[in-house]
Amino acid sequence: MRFASNKYYTYFFVLALLISLFIGGCGDSDVIEDPNDLTSIDYSPTSYEVPQIDGFPVMPVAPNNPLTVEGIFLGRKLFYDPILSADSTMSCASCHLPELSFTDNLATSAGIDGIFGKRSSMSLLNVGYYTNGFFWDGRVGTLEEQALLPVEDPIELHDRWPNVVMKLQRHQDYPADFRRAFGIDNKSQINRELAARAIAQFETSLISSGNSKYDRVVRKEEFFTEAEENGFLMFFDAAPGRLPDAECGHCHNAPLFTTNEYANNGLDEVLDLNNYIDKGRGTFTRVLNDNGQFRIPTLRNISFSAPYMHDGRFATLEEVIDHYISGGQYADNRHPLIQPLGLSEAQKADLLAFIRTLDDVDALQNPAYQNPF
Amino acid sequence: MKNPIYLLLVFMLFLISCDDDGPNILDDVADVEIVFKAMFGDDPYIVNQTYDYGDDQIKIATFSFYVSDIKLGSSSNASEVEEIDFVDFSGVQVDQQSAEAGIRIVSSEAPIGNYPAMSIGIGVPSDLNKTSPDEYAPTHVLSKTSHYWADWQSYIHMKIEGTLDTDGDGLFDDVSFMYHVGADETYESLEIQTPVTIVKDEMNSILVEVDLEKLFVSATRLDIEAKPRLHTAEDLTVGHFLMDNFSNAVRLQ
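First to last, the protein sequences are chains L and S.
All the letters of the first sequence, read from the start, carry residue numbers 1 to 373 under our numbering.
All the letters of the second sequence, read from the start, carry residue numbers 1001 to 1253 under our numbering.
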């Protein structure tokens, strides 16, 4: 009886050991981590407040895309990373270089296939303040929508978003960056919308320093030279009777030096509004009167963003001013304020001197705007 | 026991009789929308369409203005519908269909009732005209730098811009005109003596037509060729002419 009892006890002990080993073995397979899981990475985004520049409006922030330090960090990486292009040769920054006020010094830009588009790269400085559409024709309403388009444009980055998303999901760093920016739990949650939101956040952060000579004069920290003062007075028609109105301020009013509107500034003589080679805003709105109208660009840092106009036809600011002095070419929808100005050569030089007070080197050299790689 | 009831009845009759003296406004509110529609004479105004202007022909590219202090009722007893808004026909009334529709500006609520009149301010009233666009978020109507002129320290109450064909060659390259009217003294306050009824459980749509031609023509026709430009806060003769004419140009439908 005692033997039998010991024997059964031994069997029971061995059986229990085997079961526990089995269970333990099962337990080992459960702790194999999901390689796509990101929840072990801390998600505690830090809200980002856009600095308030004297005289600037309050920055509007998209309610579905609040700015965070982590979102801007991710957006900045994506902006400069050629991973967004099909052959990994171009990024957003290829056509939007910070030292050129986020333009590229070309009349029109070529994409990865060497095909040139028909419009010039636009400055991104202060785009976060814009409320009336993006691109030269205003065809999208938000920066988030804007950021989606160049990736798939055949004359720009010429990739497909599903492919870009796959590259981002497989990347060694980006999944953690997306986690920190947007709190996703899994790499599979990386998508085009989040990438665009991050890029839009970075673009929103690209603002003036508030330290151009113009801004310093407005704050009464400095004075214009006589030439700059004359230019200022003509630009804003502030000395009627004594100096001519150069008609600039109507469309390039302070503080952003754009009114965010669209206009036909008389670049081409067109007797039939259907005959514009590039219909501009009309391409998007399908309104005949909008043909030949383009977004009025900012003049802040305009010195750095040559060549000028939507197609880069003018190499210098002097050529631009000459165009406006001439009154431009006739079209039925040419803006009524585009008319011969009657400025002398000296007044033209004064106007240019004032426009150069809008140079903002501090913005161009802001370390937070530079290539992080 | 009966005396208090008689007293209550007398009091109620007194209340009703008081109500008859003013606009018949009840406490309930209803949805109200105000649609602005620009006309040129009898026709809906279309951006850059050709109209006769005396012996010349005219195209108007820009027609925009602020509206403010929109109230239902007489000035002494009114219900405010909207403090400030902006009407810009430039990108809206671009063809016959859109010109017929006008622009829905105000979507608000107002107490139901019968109102003997409606009042509208054309421009930015002086208290708000002390502010400037940088004080507003870019989505606010007063953030528009296109309608503010720092040198005047004033919003531009109204803009009209266009061109004339004076030689009849079909090209509108003879005269360009621009009238940017600002400064407190040109603010125009209108009281339109047309009854308005606000009905419960309905969207009450009030159509406000503005006849552009009547802004240019009252007892005399504005000589655009002679005075093609108003962009000053000093000589406001043309500005007063245009703004004063709003009283004849605006009508409720």
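FYI, nobody ran anything at the bench for these hints, they're computed from the structure.
Hints are supplied without guarantee of correctness; some may be wrong.
Said to hold, decoys possible - No more than 27 Å apart at the CA atoms, straight line, and that leaves these computed lysine-lysine pairs for DSS-like:
| id | chain 1 | residue 1 | chain 2 | residue 2 |
| --- | --- | --- | --- | --- |
| 1 | S | Lys-1130 | L | Lys-348 |
| 2 | S | Lys-1130 | L | Lys-220 |
| 3 | S | Lys-1037 | S | Lys-1200 |
| 4 | S | Lys-1214 | S | Lys-1037 |
| 5 | L | Lys-167 | L | Lys-77 |
| 6 | S | Lys-1214 | S | Lys-1227 |
Structure-based check of all given hints:
{"no.": "1", "hint": "S:Lys-1130 x L:Lys-348", "result": "violated, 33 Å"}
{"no.": "2", "hint": "S:Lys-1130 x L:Lys-220", "result": "holds, 21 Å"}
{"no.": "3", "hint": "S:Lys-1037 x S:Lys-1200", "result": "holds, 25 Å"}
{"no.": "4", "hint": "S:Lys-1214 x S:Lys-1037", "result": "holds, 14 Å"}
{"no.": "5", "hint": "L:Lys-167 x L:Lys-77", "result": "holds, 14 Å"}
{"no.": "6", "hint": "S:Lys-1214 x S:Lys-1227", "result": "holds, 17 Å"}
In summary, the one numbered hint that this structure violates is 1.
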